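For reference, the chains in residue letters:
There are 2 protein chains.
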Amino acid sequence: MNIALLALGTELTRGEALNGNGRVMAEELSAIGRDVHEILCVDDDTARIVEALRRLGEQYDFVIATGGLGPTTDDLTREAVARLLGTEVVTDPESLRKLEERLRARGRELTVTNSKMAQLPAAAKVVMNPAGSAIGFEVKIGRARCWFLPGVPAEALAMFRQSIVPVLLATGGPCTRQRILRTVDIAESAAGERLAGLEEKLGITLGYRVHAAELEVKVLATGAEPSAVEATVARGVAAVRERLGRHVFSEGATTLAQVVAELLHRQRRTLALAESCTGGVAAAELTAIPGISEVFLGSVVAYHNAVKEALLGVPPLELETFGAVSEPVAKSMAEGARRRLGAEVALSFTGIAGPEGGTPDKPVGLVHYALATPGETLARSQVFFGARPEVQRRAVAAGLELLRGWLLEREGGSA
Amino acid sequence: MNIALLALGTELTRGEALNGNGRVMAEELSAIGRDVHEILCVDDDTARIVEALRRLGEQYDFVIATGGLGPTTDDLTREAVARLLGTEVVTDPESLRKLEERLRARGRELTVTNSKMAQLPAAAKVVMNPAGSAIGFEVKIGRARCWFLPGVPAEALAMFRQSIVPVLLATGGPCTRQRILRTVDIAESAAGERLAGLEEKLGITLGYRVHAAELEVKVLATGAEPSAVEATVARGVAAVRERLGRHVFSEGATTLAQVVAELLHRQRRTLALAESCTGGVAAAELTAIPGISEVFLGSVVAYHNAVKEALLGVPPLELETFGAVSEPVAKSMAEGARRRLGAEVALSFTGIAGPEGGTPDKPVGLVHYALATPGETLARSQVFFGARPEVQRRAVAAGLELLRGWLLEREGGSA
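Here the protein sequences come in this chain order: A and C. Heads up: the first sequence is residues 0 to 414, going by numbering that gives the first Met the number 0. Heads up: the second sequence is residues 0 to 414, going by numbering that gives the first Met the number 0.
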């Protein structure tokens, strides 16, 4: 099996954007043992798009194309495909009706311009878009089955997973399975040392990827027989979990914030936050989780010291004596958030996210964080590396990990 | 002039890495008016590399390839080029001598494996590597002048800038210039309609890109004479600014939050936030800006109604009568944040970010937002589409846009 990914758009060939759709699709196809041999970006030029499609149709069994399906004049995909197939662009009445409904719900009118999003080459098959307005379509070009999806990542990936992955899975071929364990608070080299020898012993391949504050460990196996491959990967996952212990916080797509949210739900505990240097990033990570409102009460983003005093009750003398970036202030912030927001536990963050503001004593990246609980207040500090957003994200992960540990102890378990 | 970029490596086609070299080179070439028409990634397979090079040599004037020049068995570029040209791989004595020196300086020995880094196809011209061990080389394939560079970004980009950019600049040819305007609160189709006819009238090309809550409008022109092309683009930018009016908030890389931050700095006003459905996303966007602490005091993320009452002073009766997602509550939240945090202006957000919680009256995506100022409190509402994070980001953009409008009026300007 032979797959090519094609991304259309001058923003790609001018270097204004990276082909993120191509990367995610390639990664997800690779995880199910379907190999991509070529990822191509072509600019918005009908002749070059036609030429690229003609060649890919000769060389590949499957082509997945993204981009150029919007309503404006630089959206050329429909026309290029129609020209290559010697047919014309037509409107799909059912898609047009849905588009009109969608627009009406937003108080907008169907116009000549936006009705382009319900068009496709004659004889193409509509690919439904569960996440947006522009439809996709499927045609045969040369020997290749070709899908065309909009460039907007949320739409392209939803359509890819819904309409294309099942087709490619059903085609057979050698079988690869991959599972990803997500770990926190362990370096790539330390994980590699702990897992040394596992690959040979179990017939698996291990891969590592550092991803913000996390380290992902991929466990992969290939073979002819799906059930045997799955069993091999399962043995690998069990062995990695055993060797890395509490550092493994989830498998697959579950984030550290989601794991913490599940623990809070299960234990019926409520959480509040007090954020200085993380500036709302911790709250934003938690509130990205649907249903979090049952356990997450809120956050005081106390960027300015006066707000730390007024809304969190941090004693002015403490701020003066120790400075805002200090263990006493981190503790007072957590305790203040717990009390004022009426939560059972509260996490706080105060630090120097950079790029300015560091001193020899308190370097850029230094973050004090604390967890206030009914019994005691735990405090930690760490110097995080990276640019401002990385420092913020890494601090949030460290704080969530502190909370996860405390919640796990309350479960009587350790991993 | 016709340029293609080629990146070699299975890590790219498996989605483990993005082709960052391609993006940076495309961006730097585009900035000097040299157009890349195609960016291609191919996996580590000699036959496919040969085939790709043969085609690119027929289609393009210049090909810049990266990757596959390291010392290991999956580094196939030299062999592929030699096979295509019907020649063999040889060692460059001068490069071998330098490699040996370099290794010795690091206490390492020259081995059969690492001596590969001094090899190249016979008759190829060495391209010096100022930043690492592997040499690059240049050959003619078909009509194309082709350069081959290592994949390590620091090395590839140093060689690109030192040995390739000067050659491409010296070739003359048509000149391209591009400027990007960032707009908010206008749909792609509406912008397209307002700008209809401009391309023909001014001899420019317009491009559109939706980017979170924004729409980028690209204005592009090509011609023989750099100063004439720049003047054409400038006329295009002026015309687009005129037709889109206040929707254009910046040109280039400046974000909406940065524009608002600059206005706050210039007017010496302080800002506070009260966030419910946006859950810290607005605070996180603002605190991503270095230096924001002078004008941004903080945010109360009042996810739970009790927090809206306790920390923002929203009257319980108002919450009961109108519900948390309502104009009166949005106003009370903004006024409460302004008062309690001691800011001159405050923005609030309360809505239904989804995916659950919608009703016929208050659908998923409905957000009430308000701006409390010394004189009055402005309130707006809108139904935002997309998944939970998009609803949050779009609401934040709409709120920032409301604030930008108010601040601009205080400047006596309107755009």
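For the record, the hints were derived by calculation from the structure and aren't laboratory data. Check before you lean on any hint, since a few could be wrong.
Note: identical chains are not told apart, hence a pair may lie in one copy or across any two.
Stated by the list, open to error - Distance condition first, Cα-Cα at most 27 angstroms in a straight line; then the derived BS3-like pairs of lysine-lysine:
hint : residue 1 : residue 2
1    : Lys217    : Lys115
2    : Lys115    : Lys200
3    : Lys124    : Lys139
4    : Lys200    : Lys139
5    : Lys200    : Lys124
6    : Lys97     : Lys361
7    : Lys97     : Lys200
8    : Lys217    : Lys124
9    : Lys217    : Lys200
Since the structure is predicted, the reported quantities are computational estimates derived from the model, not experimental observations.
State the violated hints by number, sorted upward, taking the hints as numbered earlier in the document.
-> Hints 4, 5, 7, 8 are the ones this structure does not satisfy, whereas the remaining hints hold.
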